[in-house]
Amino acid sequence: MSKRGQMLFFVPSLLIFLVFVLLPTTQTLIDSFYPPRGAGREFVGGLYYRYAMTDPKFHQSLANNLIYLFLTLFFEVTVGMLLALGLEREGRLNSFLRVVFFSPSVLSLVVIGLVFGFMFKEGVGVWPAMLNEDRALVTVSAISGWAYCGFYMVIFLAGLAAIPEELIEAGRLDGAGPWQLFWKIKLPQLKEVIFVSLLICFTGAFKAFDLFWVLLPNQDHAAIVSTVLVNEFVKFDDPGYGSTLAVILTLMVLLTVAIIWAARRLWPGTVNAAVAAAKS
Amino acid sequence: MVNAHLKRWFPVVGFAAALVFTGDHLALSRSSPERLRFAHTFTADSERTIVNAAIAEFEQEHPPVKIEQVVFNSETYQTIGWRLQFHGRQQPDVFFHWRGFKVNYAVERGWAMDMTPYLSPGFLDQLLPSTVQRIKGGIYLLPQSVDISNLVWYNQDVFARLGLAEPATLEQWREVCLRLRAAKLLPLAQGNRDLWPMGNFGEELLGQSLGAARLDRLFQSGTVVEPTDLRGLGTLEFFRTNGCLDLPGVLEPGGIGAMSDIDAKVVFLTGKSAQHIVGSWFLADIADARAKNELRFPVGLFPAPSGVGELDAMTSVTTGFLVNPATKNPRAATAFIELLLSRKYQSQFAALGNLSARKDAASFTSEPLGQRMLEILAKTPVIVPPPDTGYLPEHANIFYEVCGKILTGKLTVASAAEYWNDQKRNLARKGL
Amino acid sequence: MNPMTLAPTAPAHSFGMNRRFPRFARTAVWVLLASLMLYPLLWMLLNSLKGSNLEIFGHPFAWPESAHFANYAKAVREGNMGPYFINSLWVTALSAGFVVLFGTWAGFALSKDEFPLRRTWLGLFFVGMILPVQAFLIPLTSLLETLGIHDSLWALIFPYTAQTLPVAVLLLAAFFRGLPPELEEAAKLDGVGTARFYLTILVPVAKPAIATIVVISCLNTWNEFLLAMLFIVNPAMRTLPAGMVAFEQAHNTDYPVLLAGLSIISLPTLIAYAVFNRYVIRGVVAGTVK
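Just so you know, the protein sequences line up as chains A, B and C, in that order. For the first sequence, position 99 matches number 99 in my numbering, and the numbering has no gaps at all. For the second sequence, position 10 matches number 10 in my numbering, and the numbering has no gaps at all. For the third sequence, position 223 matches number 223 in my numbering, and the numbering has no gaps at all.
Do not take every clue at face value.
[As the list claims (entries may be wrong)] The list that follows gives simulated cross-link-like pairs (lysine-lysine, PhoX-like), each with its CA atoms no further than 20 Å apart:
{"id": "1", "chain 1": "B", "residue 1": "K359", "chain 2": "B", "residue 2": "K379"}
{"id": "2", "chain 1": "B", "residue 1": "K430", "chain 2": "A", "residue 2": "K57"}
{"id": "3", "chain 1": "C", "residue 1": "K112", "chain 2": "C", "residue 2": "K188"}
{"id": "4", "chain 1": "A", "residue 1": "K3", "chain 2": "C", "residue 2": "K188"}
{"id": "5", "chain 1": "A", "residue 1": "K57", "chain 2": "A", "residue 2": "K235"}
{"id": "6", "chain 1": "B", "residue 1": "K272", "chain 2": "B", "residue 2": "K184"}
{"id": "7", "chain 1": "A", "residue 1": "K207", "chain 2": "A", "residue 2": "K57"}
{"id": "8", "chain 1": "B", "residue 1": "K344", "chain 2": "B", "residue 2": "K359"}
{"id": "9", "chain 1": "C", "residue 1": "K112", "chain 2": "A", "residue 2": "K3"}
{"id": "10", "chain 1": "A", "residue 1": "K235", "chain 2": "B", "residue 2": "K102"}
{"id": "11", "chain 1": "B", "residue 1": "K7", "chain 2": "C", "residue 2": "K207"}
{"id": "12", "chain 1": "A", "residue 1": "K57", "chain 2": "B", "residue 2": "K136"}
{"id": "13", "chain 1": "B", "residue 1": "K328", "chain 2": "B", "residue 2": "K66"}
{"id": "14", "chain 1": "B", "residue 1": "K410", "chain 2": "A", "residue 2": "K57"}
{"id": "15", "chain 1": "B", "residue 1": "K292", "chain 2": "C", "residue 2": "K74"}
{"id": "16", "chain 1": "B", "residue 1": "K430", "chain 2": "A", "residue 2": "K235"}
{"id": "17", "chain 1": "B", "residue 1": "K272", "chain 2": "B", "residue 2": "K292"}
{"id": "18", "chain 1": "B", "residue 1": "K102", "chain 2": "B", "residue 2": "K136"}
The set of hints was computed from the structure by calculation and includes no laboratory data.
Next comes chain A alone, as it looks inside the complex:
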């Protein structure tokens, strides 16, 4: 293929990506330095950033985001891993169960939010008070877990299936019980899959929006950065502060990815080491 041909092939994607993702992202960065109100658009520098540093609402939403992150780590990833371990074997029942557990992941979070919102309606629902202030975050995380544990189960199943049988056999020959097999052999082999899961889970926790918007609108104690952002933009007509929050959110996401990437590099354990450990 000629050089020109390659360029031509590449340009449309680049164009769409540039116009609808990269350009707006830079614009968000620029917007965070300008106030919205009034005709004059003057550069206010770090006003919004300083405000964010002292804004208790923002701090609360950030704290909520982090709490949500750790809760979903448990409800989504850990539960997903347990499900995968339990349903590892082949078999008709297991295949059926896997399909069942994954099914909530294809549903819209809006639908899920509305159905659970019904069940937890204060005063009229089935299990009232689950969305009360002290339990709201845990409940929403549990709902996320219900929706996505199947997703992580599928990922871990793929990871488990990729483990070479010889390693397992070698371990069993050495008399390892199921728990030791898990800790010493499977877990190290799942390192890659675990890191991918952490990546998706953590970035997902920051990107989360739908469930909170549908289940807990206007609840300050349960606000997360995305909902505060959208509210600033649409309810209070302040794209300047909204953009600032967006920039901070993006930085947190990038930071999280960087941390996980670095941890992946530093974590000991390779295929050879595992085999050696199994043989000894």
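Chain A is already provided as a structure; the job is to place chains B and C on it using the hints.
Below, chains B and C alone, put in the same frame as chain A:
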């Protein structure tokens, strides 16, 4: 051979068919002088019937104009809907609004049109002068109703059973609530998830204890809120600490913060609580429930009484319709509003509790509760606007949060003033 | 020959085969868990057939007194679901189509070592993949107005395409790199033009990867809510998630009809999932494990 051809061409034919039949969805829609969009928040079935009838009559008298309704839930409309709708391709031609901050904002942004050149002669004379507000000399809002934001609706059977009368003072009302609770009934079903229901009630309490001028001061930037200013909110604290807002088995303590006002309404209408504080528009919901045969008891109402020595104040807001200057048919748009505000349709709305802004309102409001509300409106000397229509949203929001937090125990009346001042200082850093 | 390798298929190391729990109990536990999983959906279906709010509050767990299928008719009629469905279908189909088209092009171009700044572009797409949507949400509203496509289906199609392109390009670039170079050389020798090469050789070869990408794109766009809520104001143009929320707000005291509407929306997705199950799972795995 045929099979292979079919397989190849089926997707193409299918796609072409889809394009032909549903391709209009991909079109970039445009507004036209013959399609007027009417955005409103009339969600009750009974209200929709009236609106549909008015539209039908209008379309018959003004061919070929057709009117398309865009129905919003008032909560969404009030927070994000009213702005978002102006980012659409087909902005509404006629839209509903609450007088105050938002109308002024709309006028400033050029979303509202001065209707004076299109009004029928003599039309303005049919409306109560106090409801017609001139902004910069022009008429931007034609008033439809005067909403009373807080009325206490109660189950008359329960009151009769316990020998309770409508309270005349705040102290008497508190007694009534305590007696209801002692009889193992839920005195008040309130859902404050969205903060404005009880926030508007808090506004009335403060109006009664402070008066309109002092209350207004609290919402301006730079002023300091004194703890004594908020003593009116003591009633909220009283309700919370005496279990007037919760009952085991029906509503948990603190549940008021998670329940929406819609759900609270259902709790009352299904007979699970004795009273429900909400605005004059509730009559439409009562009519709905009666029509569906789901309401099993007679309902009465009384205004939130003021304490001994306090002012008689009420939170109320005028609502009405505006016309978008971008409309392609301002004459038809204005004519439609005039039709909705005509005696014929206003009397139908009046049966649902709508307190018409027309001068002849008293003559066609025959529904007893509606008449009662008109009386209350006429007799109350002090009117305060609800915060979300009267003031900057950020400042209004602080007050709503204060009330919400007092109701869920996060703040006491004593600590509320300091919280409010803190939040104001915070906003000042943002330049507000 | 290790006798253990001749053992039956069930590996003894899995947690399932713990001798402490009899097999029957173990199966029962799993079935119970699965029912718990499906419970909210069953609850939704059951209660959507009840006659009134009172019935739901009074007996939330009981079987409906009689099946009120009229709720479903009302939901479709007043919920305007037909148009919402069509809108969602168009948006999902067109964005998936664009992603596949532009993605295969760019993926192929980026699979060539000699492509200038290849690593940079791939890195850029990777960053684009992890960027949260909130990063470009706010300016997008004015951008769409400038381009004149706001409040139409195109206001969703292009941003969705732009959001799925990164993962598609990365996947396809990796896939195409795995192709033997002889493929292209043979085509050049035969005098096959670029267009025909693409259509008759590249696309068929990349079918599994394309299937994966279609699945990823559909999963992303069908249920997307944030952009759909903010960018489309015209009720006739709403997609299903935003339409659902609008429906809930307009009928928020008619609980059975509401639940009927939610059931109507969920069923097609679940049926599609049941049918295309294998592809969906493969897509998820490929998209994540990469």
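Now the hints, each set against the structure:
With a C-alpha separation of about 16 Å, the suggested pair K359 of chain B and K379 of chain B falls inside the 20 Å cut-off, and the hint holds. Annotation: proposed proximity of K430 of chain B to K57 of chain A holds, straight-line Cα distance about 13 Å (limit 20 Å). For the hint linking K112 of chain C to K188 of chain C, the alpha-carbon distance of about 15 Å falls within 20 Å, and the restraint holds. Among the hinted pairs, K3 of chain A with K188 of chain C is consistent with the structure: their alpha-carbon atoms are about 14 Å apart, no more than 20 Å.
A hinted pair counts as satisfied when its Cα atoms are at most 20 Å apart, and K57 of chain A with K235 of chain A qualifies at roughly 15 Å. At most 20 Å may separate the alpha-carbon atoms for a hinted pair to count; K272 of chain B and K184 of chain B meet this at roughly 11 Å. At roughly 18 Å between alpha-carbon atoms, K207 of chain A and K57 of chain A fall within 20 Å of each other, so this suggested pair holds. Between K344 of chain B and K359 of chain B, the direct Cα distance comes to roughly 14 Å. Compliance with the 20 Å bound is thereby established for this hinted pair.
For the hint pairing K112 of chain C with K3 of chain A, the CA-to-CA distance comes to about 10 Å; that is within 20 Å, so the pair holds. For the given pair, K235 of chain A sits about 12 Å from K102 of chain B by alpha-carbon distance, which is consistent with the 20 Å threshold. With a CA separation close to 17 Å, the supplied pair K7 of chain B and K207 of chain C stays within the 20 Å bound. A C-alpha spacing of about 38 Å is found between K57 of chain A and K136 of chain B, which places the hinted pair above 20 Å, so the restraint is violated.
Taking the CA atoms of K328 of chain B and K66 of chain B, the gap is near 13 Å; set against the 20 Å cutoff, the hint holds. Pair hint K410 of chain B plus K57 of chain A holds up; C-alpha atoms about 15 Å apart against a cutoff of 20 Å. Between K292 of chain B and K74 of chain C, the direct Cα distance comes to roughly 15 Å. Compliance with the 20 Å bound is thereby established for this hinted pair. Distance check on the hinted pair: K430 of chain B and K235 of chain A sit about 16 Å apart at the alpha-carbon level, within 20 Å; holds.
Between the alpha carbons of K272 of chain B and K292 of chain B the distance comes to roughly 18 Å, so the proposed pair stays at or under 20 Å and holds. The straight-line distance between the Cα atoms of K102 of chain B and K136 of chain B is roughly 16 Å, inside the 20 Å bound, and the hint therefore holds.
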